[in-house]
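Peer 1: This is what each chain is made of:
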Amino acid sequence: MNGSNFPGLVPLFPDGKEPLPQGVPEDERDAYNQMKKTERFMTMASESCGFKTVLAGGGGFAIGAFFSLMSASFAYEDPLVRQQHATLKTTQKAREVFREMGRGMWSSGKGFGKVGALFAGIECVIESYRAKNDIYNSVASGFLAGGILARNSGPKAAFGGGMAFAAFSAAIDMFLRRETPDED
Amino acid sequence: MSFLGGARSSTSAGGLNNDKIEMAITELDTITDFFNRMVSSCHAKCVGTRYAEGDLNKGEMVCIDRCVAKYNEVQKKVGEKIQSRGAAGNASG
Chain A
1 MNGSNFPGLV
11 PLFPDGKEPL
21 PQGVPEDERD
31 AYNQMKKTER
41 FMTMASESCG
51 FKTVLAGGGG
61 FAIGAFFSLM
71 SASFAYEDPL
81 VRQQHATLKT
91 TQKAREVFRE
101 MGRGMWSSGK
111 GFGKVGALFA
121 GIECVIESYR
131 AKNDIYNSVA
141 SGFLAGGILA
151 RNSGPKAAFG
161 GGMAFAAFSA
171 AIDMFLRRET
181 PDED
Chain B
1 MSFLGGARSS
11 TSAGGLNNDK
21 IEMAITELDT
31 ITDFFNRMVS
41 SCHAKCVGTR
51 YAEGDLNKGE
61 MVCIDRCVAK
71 YNEVQKKVGE
81 KIQSRGAAGN
91 ASG
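Line order of the protein sequences matches chains A and B. For what it's worth, UniProt numbering labels the leading residue of the first sequence as 1, then goes sequentially. For what it's worth, UniProt numbering labels the leading residue of the second sequence as 1, then goes sequentially.
Among the hints, a few may not be true.
[As the list claims (entries may be wrong)] Label pairs and their computed distance ranges (CB to CB):
no., chain 1, residue 1, chain 2, residue 2, range
1, B, T26, A, E26, 28 to 34 Å
2, A, Y129, B, E22, 27 to 33 Å
3, B, V74, A, G16, 51 to 57 Å
[As the list claims (entries may be wrong)] Lysine-lysine pairs mimicking PhoX-like chemistry, simulated, CA-CA at most 20 Å apart:
no., chain 1, residue 1, chain 2, residue 2
4, A, K17, A, K37
5, A, K52, A, K156
6, A, K89, A, K52
7, B, K70, B, K58
8, A, K132, B, K58
9, B, K70, A, K132
10, A, K52, B, K45
11, B, K77, B, K58
12, B, K45, A, K132
13, B, K76, B, K58
Since the hints were made in silico from the structure, they are not lab data. Computed from a predicted model, the values in this text were never measured in an experiment. Cβ coordinates follow ideal geometry from the N, Cα and C atoms, glycine included.
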């Protein structure tokens with residue numbers, strides 16, 4: 001009567017006698033429970049706000065570094081930069097180029113990483129508080145993130161930056177939530 | 001939650017078992033009904049109708065946690081009230 005195949009019946013079993021899935025023999029019950037516990041912990045960790053913030057920050061850093069890498073190769077075409085490096089030998093020139101590239105990647109990655117981490121973290125916190133999933137989380141989070149990023153430029157600039165970022169993130173979210181046609 | 005009151009003595013050992021078994025069956029039915037109502041109520045309140053992806057959102061997860069906790073709290077309080085009323089009813093007449 002109690003079984004996983006009866007819909008609407010509560011799966012009640014005596015302690016320690018829950019049914020194991022198909023291929024698991026009875027003596028591996030402890031290992032199976034331990035594995036289940038670990039799995040549950042990993043799922044909970046990956047759905048937490050801190051993990052999402054770190055992931056978004058890392059992703060932002062990677063994107064910033066990639067963009068800076070692409071633009072560094074164009075920056076080297078600048079004749080002024082070429083002239084500065086004209087007196088050095090080839091190996092030193094190469095090392096200088098790579099060092100500047102690394103510096104640019106690091107600073108640009110840091111900027112994008114800050115943006116991503118701020119936005120994702122604030123959005124996750126707002127969503128956890130409201131317990132609702134709609135577009136206002138993104139809009140509010142964009143406004144706050146934009147305001148925080150522009151906090152050193154005065155109140156009007158911070159407000160304007162917040163509004164701009166909010167509009168941008170609203171546009172992106174509306175695109176992500178659009179009604180896709182049925183795939184039948 | 002459990003309505004197992006004082007043990008009612010019966011002439012045969014089978015009779016006492018039947019009383020307990022009936023109480024256990026009633027309790028199981030109550031729990032099943034409680035669970036089903038909780039699931040349908042919290043699903044109606046928390047999970048949106050548009051299924052864009054298979055996983056639950058963070059907002060839906062938080063909402064379900066809160067809904068289940070509230071439902072349990074209310075169930076406990078209502079059960080206590082019913083029991084106290086039942087006990088008062090038994091005591092008065």
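Peer 1: It remains to establish, for every hint, whether it holds in the given structure.
Peer 2: These are the hints, each one checked on the structure:
For B:T26 and A:E26, the Cβ-Cβ distance of about 32 Å falls inside the hinted range of 28 to 34 Å, so the restraint holds. One distance hint, 27 to 33 Å for the beta-carbon pair A:Y129 and B:E22, is violated here, with the actual separation near 47 Å. Between B:V74 and A:G16 the Cβ separation comes to about 31 Å, which falls outside the hinted range of 51 to 57 Å. As the CA atoms of A:K17 and A:K37 are separated by approximately 17 Å, the hinted pair is consistent with the 20 Å bound.
For the suggested pair A:K52 and A:K156, the alpha carbons sit about 30 Å apart, so the restraint of at most 20 Å is broken. Between A:K89 and A:K52 the alpha-carbon distance is near 46 Å, which puts this suggested pair outside the 20 Å criterion. Between B:K70 and B:K58 the alpha-carbon distance is near 18 Å, which keeps this suggested pair within the 20 Å criterion. For the proposed pair A:K132 and B:K58, the alpha carbon gap of about 8 Å is at most 20 Å, so the pair holds.
Restraint check for B:K70 and A:K132: satisfied, since their Cα atoms lie roughly 17 Å apart, inside the 20 Å limit. Taken as a hint, the A:K52 and B:K45 pair is broken in the structure, with Cα atoms around 26 Å apart against an allowance of 20 Å. Taking the CA atoms of B:K77 and B:K58, the gap is near 29 Å; set against the 20 Å cutoff, the hint is violated. Distance hint between B:K45 and A:K132 is fulfilled; the C-alpha atoms sit about 10 Å from each other, no more than 20 Å.
Between B:K76 and B:K58 the alpha-carbon distance is near 27 Å, which puts this suggested pair outside the 20 Å criterion.
Violated hints for the displayed structure, listed by number in ascending order: 2, 3, 5, 6, 10, 11, 13.
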